[in-house]
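**Student:** The task is simple: from the sequences and hints, build the whole structure.
Number of protein chains: 2
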Amino acid sequence: MPSLLKRISFRVAGTNNERTFTLSSVSDDGHFISLRPLIKPAGEKEVEFPFEWAFAGTNKDVDVTKVDETNVRQVFRMAFDSNVYLKVPNASSDPVDTNWKTWDSGVLQESGTIFPFGDDRAVEFEEIWQPIDIESGKLILTDSAAANGRSIVLKVTNSNKYGIIIVTGKWIQGLLGDLDDSSIKGLNFIRFVQNSDGSHQKLINYGSNVDQFPTKFDSLEKGETIDVNGVSWEVLEYHV
Amino acid sequence: MPSLLKRISFRVAGTNNERTFTLSSVSDDGHFISLRPLIKPAGEKEVEFPFEWAFAGTNKDVDVTKVDETNVRQVFRMAFDSNVYLKVPNASSDPVDTNWKTWDSGVLQESGTIFPFGDDRAVEFEEIWQPIDIESGKLILTDSAAANGRSIVLKVTNSNKYGIIIVTGKWIQGLLGDLDDSSIKGLNFIRFVQNSDGSHQKLINYGSNVDQFPTKFDSLEKGETIDVNGVSWEVLEYHV
Chain C
1057 MPSLLKRISF RVAGTNNERT FTLSSVSDDG HFISLRPLIK PAGEKEVEFP FEWAFAGTNK
1117 DVDVTKVDET NVRQVFRMAF DSNVYLKVPN ASSDPVDTNW KTWDSGVLQE SGTIFPFGDD
1177 RAVEFEEIWQ PIDIESGKLI LTDSAAANGR SIVLKVTNSN KYGIIIVTGK WIQGLLGDLD
1237 DSSIKGLNFI RFVQNSDGSH QKLINYGSNV DQFPTKFDSL EKGETIDVNG VSWEVLEYHV
Chain W
1057 MPSLLKRISF RVAGTNNERT FTLSSVSDDG HFISLRPLIK PAGEKEVEFP FEWAFAGTNK
1117 DVDVTKVDET NVRQVFRMAF DSNVYLKVPN ASSDPVDTNW KTWDSGVLQE SGTIFPFGDD
1177 RAVEFEEIWQ PIDIESGKLI LTDSAAANGR SIVLKVTNSN KYGIIIVTGK WIQGLLGDLD
1237 DSSIKGLNFI RFVQNSDGSH QKLINYGSNV DQFPTKFDSL EKGETIDVNG VSWEVLEYHV
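First to last, the protein sequences are chains C and W.
Offset between the first sequence (1-based) and our numbering: plus 1056.
Offset between the second sequence (1-based) and our numbering: plus 1056.
Please keep in mind that the hints were generated in silico from the structure rather than gathered at the bench.
No experiment lies behind these values; they were computed from the predicted model shown.
Each residue gets a CB set at the ideal place from its N, CA and C atoms; glycine is no exception.
Incorrect hints may appear among the rest.
To be verified - Label pairs and their calculated CB-CB ranges: (1) W/His1256 x C/Ile1282: 34 to 40 Å; (2) C/Ala1178 x W/Ala1178: 47 to 53 Å; (3) C/Glu1100 x W/Val1128: 29 to 35 Å; (4) W/Asn1155 x C/Glu1100: 29 to 35 Å; (5) W/Thr1271 x C/Ala1178: 50 to 56 Å; (6) C/Asp1153 x W/Ala1178: 32 to 38 Å; (7) W/Glu1100 x C/Asn1204: 32 to 38 Å; (8) W/Glu1125 x C/Glu1102: 42 to 48 Å.
**Tutor:** Written as structure tokens, this is what we have:
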């Protein structure tokens, strides 16, 4: 069942805050994308690249294990990670081992430990996630991450690019990176929400190649490949 | 400006969780009520009284001081506190000194220290609050606690009762306690949300005297007193 999670808070090294408008999309088959734009970029560097982080992967990039009725272990290997792509200092491509606890309210508490400064310096983090109703274009809270609604995933097949787009209900998030580059010029992100007339409200439309994202998701078939301005997208998942 | 805040998480003594569906209403003039029903009461005691806590007060019961652009200090003296009323062990009627920090996302981080076990045993707590759009009957996230919309407050004048009801937009929360009692039999709580046809969806309707809450808020006047099944309610605030 597809889900859309809004991050409410991010605690790291003892400090709790939320500087981003982060949404994570997870498809029915377990493919994922998380876009984390800064709400109020501060300073030249953040204005130039107003994202805390962005990453994505397919269900082959995450190991999900049920621990008990309320806890799930998820070990992520990011297939695409903006920090690694941009060679941010201390960016790590190690797997991220996380525990997801579902509270009575339906809110999800993700906790884990990362080692950006080496194996002997663990940094604990906690992220709190509020499930959002994917069938509304407004940010309506729900008490369950699982929902019905369309779940569509396309992935780029060109060898010099990494790209994925995930549609969950009315919400669309996509990431496209040029693998011949490693600067912000090679990055593209979109976050669209479908209006009632079928048009898209563009909440994020970042990068010089945003016209290479697919924007029509009717009558596709799993396995087919479509061309969008020179980029080939394969339909990995198509549940409508 | 009236506001409605949904608690997302409650961290106390190092443990973060959310077992309740807590909404706090704050009126335009600063009167307040917080109802904290348990979502999944566990065990006989919780089933008998399925609330973590409930409290309310007027703007005379809270001192609000602006600290800086993003921080506000609020010192609460609860005019009515279910824990004190029920003589819960370690319940304290001391003022609660809190700091409210507004994050870039609009989410509010409340933090403070309480002393339920005496002055030498401080217990730190943190509550994270998501502002909700008061003009919708659905739980729609907003990025600002301040909102337009009606703000109406009535307070009981009978000397043997404490009662307050706060209307913020479509959301109504009320508390009524019999001061001649100190058991759960003396407590009444309501949380209604107005449907588009003007009727009320009763999300909480707890206690044997819920028929003593006012349910019509049209054409009242500040200062007037209305009778509801033998209880006198004075209109403290009336902004429509």
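**Student:** Please go over all the hints and tell whether each is borne out by the structure.
**Tutor:** For each hint, the structure was consulted:
Between histidine 1256 of chain W and isoleucine 1282 of chain C, the C-beta spacing of about 50 Å breaks the proposed range 34 to 40 Å. Between alanine 1178 of chain C and alanine 1178 of chain W the CB atoms are about 27 Å apart, so this pair departs from the stated range of 47 to 53 Å. In this structure, glutamate 1100 of chain C and valine 1128 of chain W meet the distance hint of 29 to 35 Å, their C-beta atoms being roughly 30 Å apart. The beta-carbon spacing between asparagine 1155 of chain W and glutamate 1100 of chain C, approximately 31 Å, falls within the hinted interval of 29 to 35 Å.
Threonine 1271 of chain W and alanine 1178 of chain C have their C-beta atoms about 55 Å apart, which keeps the hinted 50 to 56 Å range intact. In this structure, aspartate 1153 of chain C and alanine 1178 of chain W meet the distance hint of 32 to 38 Å, their C-beta atoms being roughly 33 Å apart. Take glutamate 1100 of chain W and asparagine 1204 of chain C: their Cβ atoms lie about 37 Å apart, and the range 32 to 38 Å holds. With their beta carbons about 18 Å apart, glutamate 1125 of chain W and glutamate 1102 of chain C fall outside the hinted range of 42 to 48 Å.
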